[in-house]
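If you want the building blocks of each chain, they are given just below.
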Amino acid sequence: MPTPADSPVIEVVDLIRKFGDRTVINDISFNVRRGETLVIMGGSGCGKSTLLRHIIGSMKPTSGSVKIFGQEITTMNEHEIASVRRRFGMLFQSGALLASLTVGENVALPLLQHTDNSVDEIEEIVEEKLQMVGLSGFEDLKPAEISGGMKKRVGLARALALDPELLFSDEPTSGLDPIMTAVVDQLTLKLTHGEHMTAVVVTHDMTSAFRIATRMIMLGHGSIVAQGTPDEIRNSPNPEVQQFINGEADGPIPLNLSQDEHEHHQHVKPRPFIAARHRFHRKTA
Amino acid sequence: MLKNYLRLNLSLLYWVFVAPFTGQFFSISQIFRQMVFIGVRATSMVALTAFSIGVTLAMQAAHSLQQMGAEIYVPDLVMLSILREMGPVLIAVIVIGRSGSAVAAELGTMKVSEEIEALEVMAINPVQYLVVPRFLAMLIMLPALTIFGNYIGVLGGWAVCRFALNFNTAGYIMRALESAETWDLYSGMIKSGVFAWIVITIACNAGLHVEGGAEGVGQATTASVVQALLAMLVTNAILTGIFFFGA
Ligand SMILES: Nc1ncnc2c1ncn2[C@@H]1O[C@H](COP(=O)(O)OP(=O)(O)OP(=O)(O)O)[C@@H](O)[C@H]1O
Ligand SMILES: [Mg+2]
Chain S
1 MPTPADSPVI
11 EVVDLIRKFG
21 DRTVINDISF
31 NVRRGETLVI
41 MGGSGCGKST
51 LLRHIIGSMK
61 PTSGSVKIFG
71 QEITTMNEHE
81 IASVRRRFGM
91 LFQSGALLAS
101 LTVGENVALP
111 LLQHTDNSVD
121 EIEEIVEEKL
131 QMVGLSGFED
141 LKPAEISGGM
151 KKRVGLARAL
161 ALDPELLFSD
171 EPTSGLDPIM
181 TAVVDQLTLK
191 LTHGEHMTAV
201 VVTHDMTSAF
211 RIATRMIMLG
221 HGSIVAQGTP
231 DEIRNSPNPE
241 VQQFINGEAD
251 GPIPLNLSQD
261 EHEHHQHVKP
271 RPFIAARHRF
281 HRKTA
Chain U
1 MLKNYLRLNL
11 SLLYWVFVAP
21 FTGQFFSISQ
31 IFRQMVFIGV
41 RATSMVALTA
51 FSIGVTLAMQ
61 AAHSLQQMGA
71 EIYVPDLVML
81 SILREMGPVL
91 IAVIVIGRSG
101 SAVAAELGTM
111 KVSEEIEALE
121 VMAINPVQYL
131 VVPRFLAMLI
141 MLPALTIFGN
151 YIGVLGGWAV
161 CRFALNFNTA
171 GYIMRALESA
181 ETWDLYSGMI
191 KSGVFAWIVI
201 TIACNAGLHV
211 EGGAEGVGQA
221 TTASVVQALL
231 AMLVTNAILT
241 GIFFFGA
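Line order of the protein sequences matches chains S and U. For the first sequence, position 160 (counting from the first letter as 1) is numbered 160 according to the working numbering, and the numbering increases by one without interruption. For the second sequence, position 183 (counting from the first letter as 1) is numbered 183 according to the working numbering, and the numbering increases by one without interruption.
Same shape as in the complex, but just chain S (with noise of 0.2 Å):
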């Protein structure tokens, strides 16, 4: 389906999501636009996962819209939904790796399924991606026989191979040594330059966000804490947004592990949460 070339590629629109009364997104709302490549920071558990899995429609939100390429995901079929998902590419968390294909086979599974290539141009493509994450020769290894850090290039090589319209990462380069890590952004810039890929990229590593992004958005507390270009977030006047890019472990953001919390409870006897079977096997002194 067409889109008109100014009208953005993700409109994410109120987004909310809660699991069971806990509010994981809280009222999201953001664009982006083709050719952009956008980068989500946010504390470990803060919801970006989350997030990625509302925008492929994989999960479905509490309320709120989604729009890819100009349709709303949210409320397709499984039919609709896929023929939107031939359009883009996503890396998971955890490379999500077929256990039971070998590392070729993994990346030739979508050349496999939606294209019409002969099994020798399929493994042309496949040879050229995976020289692309650096891991030539390494076709016939099966998922458990490589490194983390390789599973994510794999995944990433996967997620590339149908050259989508757009790029889902989330965390590339966890796992990577800072070689790797050059690498893997090198590519994400390559493949974005001149509009060609869209990208959404979930990362920790600010060395690595500021080198790709062109935006930027900061989550905490499942709503956007910051937004706007890698300059403006560097110089935020936001104290939270400053402590995460320099990494203090002193600042607003509530850690959880405060001491001084603790004492104003403490004539609150906190909830048992190790259920009694755990406690019978205990040895007593």
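Think of the hints as simulated: they come from the structure by calculation, not from any bench. Treat the hints with caution; some may be incorrect.
Cross-link-like lysine-lysine pairs, in silico, DSS-like; alpha carbons within 27 Å at most [stated by the list, open to error]:
(1) S/K190 / S/K67
(2) S/K67 / S/K18
(3) U/K3 / S/K151
(4) U/K3 / S/K60
(5) S/K60 / U/K111
(6) U/K111 / S/K142
So the derived label-pair ranges between C-beta atoms look like this [to be verified]:
(7) S/S49 / U/F245: 51 to 61 Å
(8) U/V36 / S/N246: 55 to 65 Å
(9) S/A144 / U/A223: 42 to 52 Å
(10) S/N238 / U/N4: 37 to 47 Å
(11) U/R33 / S/T75: 50 to 60 Å
(12) U/I28 / S/E123: 13 to 23 Å
(13) U/F25 / S/E78: 11 to 21 Å
(14) U/L13 / S/I274: 42 to 52 Å
A few chain U residues that face chain S, going by a derived Cβ cut-off under 7 Å, partial list only [to be verified]:
(15) E117
(16) A118
(17) M122
(18) A123
Cβ atoms here follow ideal geometry from the backbone N, Cα and C, with glycine treated the same way.
Fit chain U with the ligands to the given chain S structure using the hints.
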């Protein structure tokens, strides 16, 4: 739970019977891979079970019939019991224990390690990619194993008749063939096809809906075996009623 199961069945019917006409084929090589696992690798177990059953049936039949001086009917009894009941049921039991549990555990592990979600995000339907090959392999291999098991079971009966009851081989074969009608064979085959459907859909459904890590995979595997056994035995009673006591 039941809703998920019915939805899986509908989606399976779509991907097997409708989708191929819209140009979305299932992978033949995947089916062969599953056939090897579900069928070929189970042959030795099936053979041993079927042979033991044939021998046991013949001994019990001989014991009862000898009192009436009617040992001549031992082959009849062995043949009919195996074709109609013992063959389809016992071989389904083996396949449930061996392959049904393995399928539930495999799909369950894929579910908890996000592989199923990854397939969906790559616009690959997990029912088409994972369930259809296992379903078709089971639908072919369980009846095939049953035919194979029938032969071996009758062979077990022959061993008892030949060496303990002094039948000659030709006499045994003659009696066995005379007693059975083609319907006895067909009814067993129909049963075994229905069992194949039950076993594989229960196993896949249990696997695809696992929640909660390794513990969840274990629970789903056990549940799939228990449910498949119960469903298979109840269905067998119903089918026997329809086939042999119906109008
Ligand atoms: N299926 C679920 N059921 C209940 N709660 C969930 C579920 N998925 C995620 N959550 C909760 O949502 C919150 C955000 O999780 P999420 O995985 O999105 O964090 P994240 O920002 O990606 O963290 P990290 O940087 O460590 O990957 C967590 O508190 C988690 O407990
Ligand atoms: Mg995450």
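So, going through the hints one by one against the coordinates:
With a C-alpha separation of about 26 Å, the suggested pair S/K190 and S/K67 falls inside the 27 Å cut-off, and the hint holds. Our distance criterion of 27 Å between C-alpha atoms is met by S/K67 and S/K18, whose separation comes to about 20 Å. Proximity of U/K3 to S/K151 is assessed by CA-CA distance (about 36 Å); at most 27 Å being required, the pair is judged violated. With a C-alpha separation of about 19 Å, the suggested pair U/K3 and S/K60 falls inside the 27 Å cut-off, and the hint holds.
Restraint check: the Cα-Cα separation between S/K60 and U/K111 comes to about 18 Å, which is no more than 27 Å; the hinted pair holds. Proposed proximity of U/K111 and S/K142 is supported: the alpha carbons are some 18 Å apart, at most 27 Å. For S/S49 and U/F245, the hinted distance range of 51 to 61 Å is satisfied, since their beta carbons lie about 58 Å from each other. The beta-carbon spacing between U/V36 and S/N246, approximately 58 Å, falls within the hinted interval of 55 to 65 Å.
Taken as a hint, the range 42 to 52 Å is violated for the pair S/A144 and U/A223, whose Cβ atoms sit roughly 27 Å apart. Between S/N238 and U/N4, the C-beta spacing of about 46 Å keeps the proposed range 37 to 47 Å intact. Look at U/R33 against S/T75: about 38 Å separates their beta carbons, and that is not inside 50 to 60 Å. Taking the beta carbon of each, U/I28 and S/E123 are about 20 Å apart, inside 13 to 23 Å as hinted.
Evaluation of the 11 to 21 Å hint for U/F25 and S/E78 yields a pass: the beta carbon distance comes to about 18 Å. The given range of 42 to 52 Å is respected by U/L13 and S/I274, whose C-beta atoms sit roughly 48 Å from each other. A distance limit of 7 Å between C-beta atoms decides the matter here; for U/E117 the minimum to chain S is near 6 Å, and the interface restraint holds. Given hint, U/A118 at the interface with chain S, holds; its Cβ is 4 Å from that chain's nearest Cβ, closer than 7 Å.
Taking 7 Å as the C-beta cut-off, the interface hint given for U/M122 holds, the closest approach to chain S being about 5 Å. For U/A123, the shortest C-beta to C-beta distance to chain S is roughly 4 Å, which falls under 7 Å, so the interface hint holds.
Violated hints, listed in ascending order, are 3, 9 and 11; each of the other numbered hints is respected by the structure.
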